[in-house]
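*Asks:* My numbering runs 23 ahead of the 1-based position in the sequence shown.
Check before you lean on any hint, since a few could be wrong.
Each computed DSS-like pair below joins lysine-lysine, with the alpha-carbon atoms no more than 25 Å apart [said to hold, decoys possible]:
1. 36 with 51
2. 36 with 55
3. 220 with 193
Simulated restraints, written as ranges between beta carbons of each label pair [said to hold, decoys possible]:
4. 61 with 220: 48 to 58 Å
5. 63 with 106: 17 to 27 Å
6. 175 with 61: 13 to 23 Å
7. 224 with 120: 44 to 54 Å
8. 78 with 118: 41 to 51 Å
9. 281 with 352: 33 to 43 Å
10. 353 with 54: 26 to 36 Å
11. 136 with 352: 48 to 58 Å
12. 162 with 118: 21 to 31 Å
13. 91 with 256: 21 to 31 Å
14. 44 with 116: 25 to 35 Å
15. 95 with 156: 41 to 51 Å
16. 54 with 281: 51 to 61 Å
Treat the hints as calculated values from the structure; they're not laboratory data.
By construction, the Cβ of each residue, glycine as well, lies at the ideal position given by its N, Cα and C atoms.
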Amino acid sequence: MEDVARLAGVSLKSVSRVINREPHVSPKLRAKVDAAIAALDYVPDMAARSLAGSRTFIIGLLIDNPSPNYTMKVQTGVYRACSEGQYHLRIDQIDSTQPNAGLEASLAAILRNSRCDGFVLTPPLTDNPVVLDFFDREGVDYVRIAPDIDPARAPGVIMDDFAAASVVAKHFWSLGHRRFGLVTGPESHGASHFRRKGFLHALEELGATEPVFEANGRFEFEGGIEAGLELLRANPRPTAIFATNDDSAAGLMVACSRSGLSVPRDVSVCGFDDSWVARSVWPYLTTIYQPIEEMGYFAAQLILDRERDRQKLVTLPFRLVVRDSVAEAPS
24 MEDVARLAGV
34 SLKSVSRVIN
44 REPHVSPKLR
54 AKVDAAIAAL
64 DYVPDMAARS
74 LAGSRTFIIG
84 LLIDNPSPNY
94 TMKVQTGVYR
104 ACSEGQYHLR
114 IDQIDSTQPN
124 AGLEASLAAI
134 LRNSRCDGFV
144 LTPPLTDNPV
154 VLDFFDREGV
164 DYVRIAPDID
174 PARAPGVIMD
184 DFAAASVVAK
194 HFWSLGHRRF
204 GLVTGPESHG
214 ASHFRRKGFL
224 HALEELGATE
234 PVFEANGRFE
244 FEGGIEAGLE
254 LLRANPRPTA
264 IFATNDDSAA
274 GLMVACSRSG
284 LSVPRDVSVC
294 GFDDSWVARS
304 VWPYLTTIYQ
314 PIEEMGYFAA
324 QLILDRERDR
334 QKLVTLPFRL
344 VVRDSVAEAP
354 S
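Could you build all of it, start to finish, from the sequences and the hints given here?
*Replies:* This is the structure:
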């Protein structure tokens, strides 16, 4: 580091701030230090950094999500932030449905074995009171992705699921649909509740009079098939169905095929997430783009930013992605 500082013509502390990706470093200073690092082929000693700064340079990611697409995107985003900040990433799967004592024991074991500088929590762990109380009690730094309960309790990254689901309802309505179905997600997921409420609220404001048929797809492909078969037995049958994630939307499309119905001629289908699944089914799935990878990235960045506001919430945008699975209501 002394060699880097000498070549860059800056102080040793300035080199340290650049290497540790600390905030409020000017682009000019960062460029000078990065150039010196490249010229000297300098590689930071992670063990020395850890001893000097009382940090391990490890971020933990805790997951308990039935959608592999969601999990993969979150991991990609968190890993990108860790790589940029010269941190390592540790991933642990936690069963949030186990008894409280077992959940606390699992968390305690992770703390003993990992010594992470902080954790990124994904739904439904994001809103699990046992998890939050445990980390608060232990003084552990954490950031929540898509918090529902008491969002200001800790730093977090959110997207307006309520507004996004409202956009889906308005899109269906604009195409003449008046009979609707809704494939909901797990009860433990705050996003599932917001998407349901947003969809139903928008329909109410638009003046919908027909009941909205609902079935739980659990955010899973098989769950989407089961929910879809249930909804398609309704009388009168919905002409447009909103599935609150892409995995269940893909299952819903299978249910339509098994029922002898064509998408979108007989039934329009919209998903949520814009995962790879949306472009792996036919017809291609109309869906809401959720910035999952970006949410993981900014969540990790909030841990890396040690000078941040503890109550900070980062809100990221969404958009409706119109493809082939939604059409005008059948006459």
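*Asks:* For each hint, tell me whether it holds in the structure or not.
*Replies:* Consistency of the hints with the structure:
no., hint, in the structure
1, 36 with 51, "holds (15 Å)"
2, 36 with 55, "holds (14 Å)"
3, 220 with 193, "holds (14 Å)"
4, 61 with 220: 48 to 58 Å, "holds (51 Å)"
5, 63 with 106: 17 to 27 Å, "holds (21 Å)"
6, 175 with 61: 13 to 23 Å, "violated (42 Å)"
7, 224 with 120: 44 to 54 Å, "violated (29 Å)"
8, 78 with 118: 41 to 51 Å, "violated (29 Å)"
9, 281 with 352: 33 to 43 Å, "violated (22 Å)"
10, 353 with 54: 26 to 36 Å, "violated (60 Å)"
11, 136 with 352: 48 to 58 Å, "holds (56 Å)"
12, 162 with 118: 21 to 31 Å, "holds (24 Å)"
13, 91 with 256: 21 to 31 Å, "holds (29 Å)"
14, 44 with 116: 25 to 35 Å, "holds (28 Å)"
15, 95 with 156: 41 to 51 Å, "violated (29 Å)"
16, 54 with 281: 51 to 61 Å, "holds (59 Å)"
Violated hints for the displayed structure, listed by number in ascending order: 6, 7, 8, 9, 10, 15.
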